[in-house]
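Just so you know, the protein sequences line up as chains A and B, in that order. For reference, each letter of the first sequence is one residue, going 1 to 156 in the numbering used here. For reference, each letter of the second sequence is one residue, going 1 to 744 in the numbering used here.
Hints listed in this document are in silico derivations from the structure and should not be mistaken for laboratory results. Beta carbons are placed, not taken as given, at the ideal position from N, Cα and C, and that holds for glycine.
Reference excerpt, derived from the structure (chain B facing chain A, CB under 7 Å, subset only):
(1) G66
(2) I238
(3) R302
(4) T460
(5) R461
(6) I649
(7) L679
(8) L680
(9) I686
Simulated restraints, written as ranges between beta carbons of each label pair:
(10) D15(A) - P255(B): 15 to 25 Å
(11) R149(A) - A207(B): 47 to 57 Å
(12) G9(A) - E580(B): 51 to 61 Å
(13) P279(B) - G64(A): 15 to 25 Å
(14) S693(B) - Q87(A): 33 to 43 Å
(15) D663(B) - R4(A): 44 to 54 Å
(16) Q87(A) - R247(B): 16 to 26 Å
From chain B, some residues computed to sit far from chain A (all C-beta separations above 10 Å):
(17) A179
(18) P195
(19) H524
(20) K568
(21) R725
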Amino acid sequence: MGIRLTVNGVVHDLDVEPDAPLLWVIRDELNLTGTKFGCGIAACGACTVHVNGKAMRSCVVPVGSAANAEITTIEGLGAGGLNAVQQAWIDHQVPQCGYCQSGMIMAVSAFLATNPSPTDGQLAAAITNICRCGTLPRISAAVSELAARKGAGGPR
Amino acid sequence: MNRRKFLIGGATAAGALVVGYAFWPSRRLARADLLAAKSGERFVASWIKIANDGTITVVIPHCDMGSGIFTPLSQMAADELDADWSRVRAETAPADPLFANGPLAEGFAFEQVNISADSIPAFLEGPTATSLRVLAEYMDVQTTGGSSAVRYTGVYGMRVAGAAVREMLVKAAAARMIAPVGEFRTETSRVIHVPSGKSFGYGELAADAAQYSPSSHPKLKAKSEFKLIGKPIRRLDIPAKVDGSLRYGIDTQLPDMWYGAIRISPVFGGKLVSVDEKPVAQLRGVKKVVQLDDAVVVLADRFWRARNAVDALQPVFDNAGHGEVSSKTIRDAHLAALNDGKIKKDSSTGAGAEALKNGTLVERVFNVPYLAHAPMEPPNATALFKNDGTLEVWAGTQDGLGSRAFCAKTAGLHLNKVTFHLLPSGGGFGRRLPGLWNFLAYAVKTAMAMPGMPVKLIFTREQEMQHDYYRPNVTSRFRAAVHSDGMPVAWVNDYTTDEGPNPEAHIFYSVPNQAYGTAKVAVHVPTGPWRSVEASWHGFFVESFIDELAHGAKRDPLDYRAALLQDKPRHLATLKLAAEKAGWGTPLPPGRGRGIAIVECFGTIVAYVAEVEVNDAGVVKVQRFTSAAACGMAVNPDGFKAQIESAVIFGLSAALYGEITIDHGAVVQQNFPGYKMVLLGESPAIEVHFHESDAPVGGAGEPGVPPVAPALTNAIFAATGVRIRELPVKNRALAVSARPPARL
Numbered sequence: 001m002g003i004r005l006t007v008n009g010v011v012h013d014l015d016v017e018p019d020a021p022l023l024w025v026i027r028d029e030l031n032l033t034g035t036k037f038g039c040g041i042a043a044c045g046a047c048t049v050h051v052n053g054k055a056m057r058s059c060v061v062p063v064g065s066a067a068n069a070e071i072t073t074i075e076g077l078g079a080g081g082l083n084a085v086q087q088a089w090i091d092h093q094v095p096q097c098g099y100c101q102s103g104m105i106m107a108v109s110a111f112l113a114t115n116p117s118p119t120d121g122q123l124a125a126a127i128t129n130i131c132r133c134g135t136l137p138r139i140s141a142a143v144s145e146l147a148a149r150k151g152a153g154g155p156r
Numbered sequence: 001m002n003r004r005k006f007l008i009g010g011a012t013a014a015g016a017l018v019v020g021y022a023f024w025p026s027r028r029l030a031r032a033d034l035l036a037a038k039s040g041e042r043f044v045a046s047w048i049k050i051a052n053d054g055t056i057t058v059v060i061p062h063c064d065m066g067s068g069i070f071t072p073l074s075q076m077a078a079d080e081l082d083a084d085w086s087r088v089r090a091e092t093a094p095a096d097p098l099f100a101n102g103p104l105a106e107g108f109a110f111e112q113v114n115i116s117a118d119s120i121p122a123f124l125e126g127p128t129a130t131s132l133r134v135l136a137e138y139m140d141v142q143t144t145g146g147s148s149a150v151r152y153t154g155v156y157g158m159r160v161a162g163a164a165v166r167e168m169l170v171k172a173a174a175a176r177m178i179a180p181v182g183e184f185r186t187e188t189s190r191v192i193h194v195p196s197g198k199s200f201g202y203g204e205l206a207a208d209a210a211q212y213s214p215s216s217h218p219k220l221k222a223k224s225e226f227k228l229i230g231k232p233i234r235r236l237d238i239p240a241k242v243d244g245s246l247r248y249g250i251d252t253q254l255p256d257m258w259y260g261a262i263r264i265s266p267v268f269g270g271k272l273v274s275v276d277e278k279p280v281a282q283l284r285g286v287k288k289v290v291q292l293d294d295a296v297v298v299l300a301d302r303f304w305r306a307r308n309a310v311d312a313l314q315p316v317f318d319n320a321g322h323g324e325v326s327s328k329t330i331r332d333a334h335l336a337a338l339n340d341g342k343i344k345k346d347s348s349t350g351a352g353a354e355a356l357k358n359g360t361l362v363e364r365v366f367n368v369p370y371l372a373h374a375p376m377e378p379p380n381a382t383a384l385f386k387n388d389g390t391l392e393v394w395a396g397t398q399d400g401l402g403s404r405a406f407c408a409k410t411a412g413l414h415l416n417k418v419t420f421h422l423l424p425s426g427g428g429f430g431r432r433l434p435g436l437w438n439f440l441a442y443a444v445k446t447a448m449a450m451p452g453m454p455v456k457l458i459f460t461r462e463q464e465m466q467h468d469y470y471r472p473n474v475t476s477r478f479r480a481a482v483h484s485d486g487m488p489v490a491w492v493n494d495y496t497t498d499e500g501p502n503p504e505a506h507i508f509y510s511v512p513n514q515a516y517g518t519a520k521v522a523v524h525v526p527t528g529p530w531r532s533v534e535a536s537w538h539g540f541f542v543e544s545f546i547d548e549l550a551h552g553a554k555r556d557p558l559d560y561r562a563a564l565l566q567d568k569p570r571h572l573a574t575l576k577l578a579a580e581k582a583g584w585g586t587p588l589p590p591g592r593g594r595g596i597a598i599v600e601c602f603g604t605i606v607a608y609v610a611e612v613e614v615n616d617a618g619v620v621k622v623q624r625f626t627s628a629a630a631c632g633m634a635v636n637p638d639g640f641k642a643q644i645e646s647a648v649i650f651g652l653s654a655a656l657y658g659e660i661t662i663d664h665g666a667v668v669q670q671n672f673p674g675y676k677m678v679l680l681g682e683s684p685a686i687e688v689h690f691h692e693s694d695a696p697v698g699g700a701g702e703p704g705v706p707p708v709a710p711a712l713t714n715a716i717f718a719a720t721g722v723r724i725r726e727l728p729v730k731n732r733a734l735a736v737s738a739r740p741p742a743r744l
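Looking at chain B on its own, in the form it has when it is part of the complex (with noise of 0.2 Å):
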């Protein structure tokens, strides 16, 4: 998939789950005073900045793309700090190594998980002994993705932050009274001496309590004490979307400023081979026109005016000899790769495929297709070279800190000459993600060839269509032997990757003799993490194929789930759930079926029962989405609750309609007419029940996804007795017509 994985944990000792932070030593909150606080305000620790009126700004190393994070983050640091939430205030931390997100690094390290970087040196590949809030400054993470900012960010940082900042607020007024810290307590943002009620508001006591040096473990608030966390309150981002005031990447404006549009080769990996400038050098506003290694770029006076001219230009490219590359012969490589034995094999348990001979033989083989991120900003980025030789750049990235190194790297610049504005994204789904910056590349490439002009470049939707890094297009065989009463002894599961084995496709059914194994398949097409990434296929496939067994077996979807989920409490009672809220059994009209899908990914246990109608000519009508999600509990319930809707919308869109085509080595699709989106009429209903527990708090933005599509292809079968294995289901016939004759 393009990208470096790394494995931060080596070096941590595994349920060493301690919750504390290593804040910065006191000296460098000059320097974070330097970098992020306006007058009036100072840093008592990291990520919390207190003002003199009373205002308290938490500072997210993270990025603004839509999940609303900022509010649940905030919500952890306030409630520790025992603050007046009227006066809490989130803002995005500097693209500045003092911001580098420690506690991800601590959370990724601590759940063992695989965290990808572009940015990251390669001498740190490996264990380290290193601290994680240095090793993160190193790995430059600022990443927002993995679902990971409030059960990482919120749950290693901010919370820590707020109860160390609040023990230090208390140490100040202690210090004042000249009496013994254990008579005080805190409440709405004020410290109270019990014994005589006299009271300081944190605004007085922050300068003094910023001397203090934090606890790097101090007591965090039990359960039972929460007053912000688990509440569904406001998002803090949303006024400023509603009146056109935010400012994202592509609002970017600076003085004197020149647009850039792009055309990209055409085919991936080919490069320009000449283009005739005559066209566009009459053209009014047009300022130069910038031949890069496998693209040009105009630039003008206005968007428009570069947009037309690079339009007006006939470069050549070549095809780095994929030109014959279809999605044909990408699906022929797929299917010879599966079939030609050459599988490596990942891991197996039990007898693995020795069983398949235990019982009746069934084997499927499903796909997906090639997806496009398609954020509704399209990838853009403001570059300035200065003439002193120094680099600024404005754009909404996934990650602040990785982009600032990767735009010194383009440049060929040290890091302390580069300066990095992350700025709000208009969604992002993985798009922004280290790896996949292709618009930073060449925006950053645009400005250094043209030494003091600032430069936005923008992506035009059709540019961003085709130069996307795609969900990877994937084939997935099952082989399964299934015992006389139905249930399978033997679970089977061969598929094509274009990186490694993925655990994300073994199953959390009980099945005693389970075996894994990729076939590799190279493809010039670049591809990418899409929102839930591997999850995202597996999910597909392994929930079509357990609903294909459980109907050979004439039994139950749900009823044969919960036979291989016995000893699986929190995933049986999670499908249940949504089960039970769905319905389920209840007789419906001819024509309506309802499908089932569960799948656990970033923490979190997602269920869906959808329902769907198919009238007699095949069109599909998603009428509503039950879902039951199991996160341990939401720190944001609205939110989290927000972010289910979001994927099923988001799921809907890609299971339905969603493919990117492959014809002469080049992507098929341009805009959104050829990339077709589920619209507010075709919008089911959804409910989100939460099955809550004591479990760690899971990830929000990610888990939803995956169960929708075989929720949905489940469904469409209940409807009409035809299994959907290829996505998208746009191009399966299900006209009465088309399907199999109707079953007892």
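This is chain A alone, in the form it adopts within the complex (with noise of 0.2 Å):
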């Protein structure tokens, strides 16, 4: 029952059940661990990895069903150097334990992908992820001022 898993551009075939969640393939198979466990129900958002582009709680998804998919972690994220939301979290000082900051840097990246300007409701509606020491006056700054420069026409 082989599974091949494109994650961060590298192919792994690995023998693991279709349904073994993507999260603990993702840290445990792969040792790749800033993907984080947090709830195992999709509450929380501490997994959120891209899958194809899109912000998925990893804990819930089979691996299964994301065989021919491309996966990025928050180690694939910032490869080539940090990201414009990873900069805009360290220029806004936004993490505290940084436990959760993964999974949300996952998913305003992805998300501003898609939306670049969002409106606060749209942001709100969006951006569900718990963070336990409250860091989301910040984020929400960070993400404002991200989506200004986006707004502006200014670099990524």
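Put the two chains together into one complex; each comes in its own frame, and the hints tell you how they fit.
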């Protein structure tokens, strides 16, 4: 029951059950630990990765369903230098414990790719990840700045 | 609260605020180097390493659980050291007695604060004349809690260490030049010989400097000389938290590691009666079912296989006689305890409760529910009991040294046989403090049953939600006698407790007659410190009741409080700063209201003005939180600001939605949908203002939490006329139809 998985551009042939959660395959088979386990039921978003560019909560994605997809994790997002969202997270000093931030950054980066200048309402509807440290005000500020730059046609 | 309280300040002369520190004797440097120095670097004194290339590493006897303390602590050391900040690093101290946090013990002693630790040997209880550093070693103190890192470790340890090392570096340069030390000054990691202009980098001097004994009372900088302290310097830990590279406890990977998933008795105290292992015996990857006293663990080669297997088991647990306990029976027990008259007197001032007859009686009862900590990283630990009889454990906790002692005790091994690796935590909030270490205990017990096999035990969110040590459920009754001018002449507060009385109940308002008492309620639900601990409930109670008295007197809640704070200038200034910045008293549209609250804890005063909108359907939208904080000075103002923002969101999640309920002796809530959090779209605008003063540096992590709930509910009252005396807010109908008739 081999499964071929493409993560961060690298192809892996894995001997795992098709119903194994993508999260745990990424963490335990591929040793990419930047993607975090928070709830196991897609309620918190700590495990968010990109599947064909779309943000998905990998704890409930069966690995078999992602077999032919391009998967990007936090490690892949900034592989060629920090992504604009990651840089904004540093500029706005967003993370506290940091545990939810991989998922936050993946969720926000996928969202801004499709909607570069969202309204507050669109942002609130799209980003429903949980952060227990309460970094939300800084996330809002960071996203606003990214959106403003995009709106002004600034650099990515 | 299942934790022993321990006062270590008995032997310390009150008021002797001499900032100094008993550094390691020089023979200990070699051992410190062995434990924690890389090639090319060495310890010059406690907490500070300097490498040949000039890199300065501040070794921090705390955990990184999110509050960002590694940065201000490093700022404090580096400022006194006149270090080049671009060459400063921070790292976690090893969980070794050599790195016990003496300054923390010193801080708690000077401040006469109770500290708690599960790992404190019984023989140390009571006054002792042992030096505080040695005391800290005995006590296994490396605790991160009590908002203590900056105000204790920083003030009593890091600044002193930085200043002492600077003096040692100067001595080393003076010896090389054969010149008096008075001819040298220091700047950006260089010692400069003023007359000649010749200078040495710290890296060049470090090995020589380490030969001198550090002064326990080096000359510290005056506030006006600070270059790094008080600056909003960027956090050192953040870059590794945006690219996924930081390794938390849960990311520990060992060769040939097995993963453990656990099912604990749903009813607290219940024991495992039996479990049929057959359903999982043939499952792929399953290695072993480990039966513990009150839990069953499945070990498998991957976590999801272990979790699926443990879910496939149907273990039978007993209920330890708690099968009938529910939130309702607990509530009844609280009310009965308060009403049956068996109140244990705590303290009183003036005529105490006798003065209740001197005015119109106002009586109110408040309640807060159990709360889970719910850190984003579910508790976990990795343990390996080696065939040579030693135990090695990796985990994120709020006390590395204490964890090591706890693991040794749990395994029945001598401390010397146990190594503990303290890793960053994905949130703590008290969940990882001593006394709350079920995740360590289960991991160690599992590893001890499987010698030679590394085991990573991870609580699922469901197991964590149901096997936390909860913020207690507390009921509080106030009786006040109010004079004809509306001001209180007597204040009597009795509240339930599962421990002793709480000093946090005592008010700072000037009421001439006060009395406090407690009613003990024994419930089988385990409880523990939750970010801001006792202040988290008394802050809500006191600031709600005072608001009721103000409204009852038809006085403005700000003016009413101010009238009772005339002999508390810092409190008054902080309250007024928040009010002024929030535009207190300016008109608001219909459906909106403002609430004010002020609480002092952990050495810091925080005041909030909350502004809310409640629509006709009763939906609460928190618009804005304006805060003022009095913490002496903020060592890193942006870091402090982040902690207040954090506290507002954390406090709002608790106040609006947070409750752990009990049914048939077990926790009802399973996961996040049942334990709701404030999300991005609900996050209010938050402003942070400082009331600076020469008062001692105060804590940052916790003081922002307690006034959140009362500011919110006072604002809801202002908007709707509905007084919320029981949290969370979600349980109270706020629609127009549920509101009292409109007031004048």
